[in-house]
Amino acid sequence: DTGVSQNPRHKITKRGQNVTFRCDPISEHNRLYWYRQTLGQGPEFLTYFQNEAQLEKSRLLSDRFSAERPKGSFSTLEIQRTEQGDSAMYLCASSLVSSDTQYFGPGTRLTVL
Amino acid sequence: QKEVEQDPGPLSVPEGAIVSLNCTYSNSAFQYFMWYRQYSRKGPELLMYTYSSGNKEDGRFTAQVDKSSKYISLFIRDSQPSDSATYLCAMSFLFSGGYNKLIFGAGTRLAVHP
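Going line by line, the protein sequences match chains Y and X. Just so you know, we're using my numbering here: the first sequence kicks off at 1 and counts up by one. Just so you know, we're using my numbering here: the second sequence kicks off at 1 and counts up by one.
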C-alpha cells in the first residue's frame, strides 16, 4: 500500500495522559499536513511541514500540542495532558511541492475518558 | 459566519437519482476548489479538483464552480448505494510559501437507498 498511513488507528486514553500519533506520508511527498476532525464537522487545519520545517501552526494547536517531522519523512503529533475536548479524529495528509492535491490517511481516532 | 458553509443534510435519495451537493463561501481569494468523499470512520478521499469557474466532469461526477456567486456544486448522476458517504467541499488559496491549507465545509451526509 503506497498511501498515507497513520498509527495507531484508535487510541483511548484517560484525561491527563500524553499520547503520540504517527503519520507516514506517501514516499517523496515533501509537504505534510495535520488536520483535526470532530463529529459532524469537516477537518480543521492544525499544522504544515515542508520537508522537516514546520512552517505554519494553527491557533487550534495549543501549547499542549507539538508536532515534528525529523529528517523530512514521517511525522509525529504529541498531545500532552490530554483533555476530553481533544477527542477527535486526527488526520494526516501529504502532497508534492509541485501539486496542490492533498492525499489523506485513514486518521487516528482519539477518545479521552 | 464560517468561511465555507455546507448543508449537513442528511440527504436521502433513491438509487439512480441525480444528487446535487452545494457549498457557499465568503472569501473571494479562494482559488482552488475540491470535493472529498468520506466513508464512515475513514479518511477523506479526493473526488474532484478545479481552480476555475465552470464545469468539470469525471464519469458520473460533475463539479461546478461559480466564483461570481461564491458557490460550488457537485452533481452525482445515476447514484448508487455505494455513493452513500459524507461529501466534503474544500477550498484553499496559495500561500507565499507555495503551500495550501484546506478549508472544509461541515460535510453533507448522503444516503442512496436501493
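Hints in this document: simulated from the structure, not taken from any laboratory. It cannot be assumed that every hint is accurate.
What the hints assert, rightly or not - Once the Cα atoms are required to be at most 35 Å apart in a straight line, the calculated DSBU-like pairs of lysine-lysine come out as:
hint : chain 1 : residue 1 : chain 2 : residue 2
1    : Y       : Lys-11    : X       : Lys-56
2    : Y       : Lys-11    : Y       : Lys-71
3    : Y       : Lys-14    : X       : Lys-70
4    : X       : Lys-56    : X       : Lys-70
Quick rundown of the hints versus the structure:
For the given pair, Lys-11(Y) sits about 39 Å from Lys-56(X) by alpha-carbon distance, which is inconsistent with the 35 Å threshold. Distance check on the hinted pair: Lys-11(Y) and Lys-71(Y) sit about 26 Å apart at the alpha-carbon level, within 35 Å; holds. Simply put, Lys-14(Y) and Lys-70(X) have alpha-carbon atoms about 43 Å apart, too far for the 35 Å limit, and the pair is violated. Note on Lys-56(X) and Lys-70(X): the hinted pairing holds, with a Cα-Cα distance of about 17 Å set against a maximum of 35 Å.
Of the hints listed earlier, those the structure fails to meet are numbers 1 and 3, in rising order.
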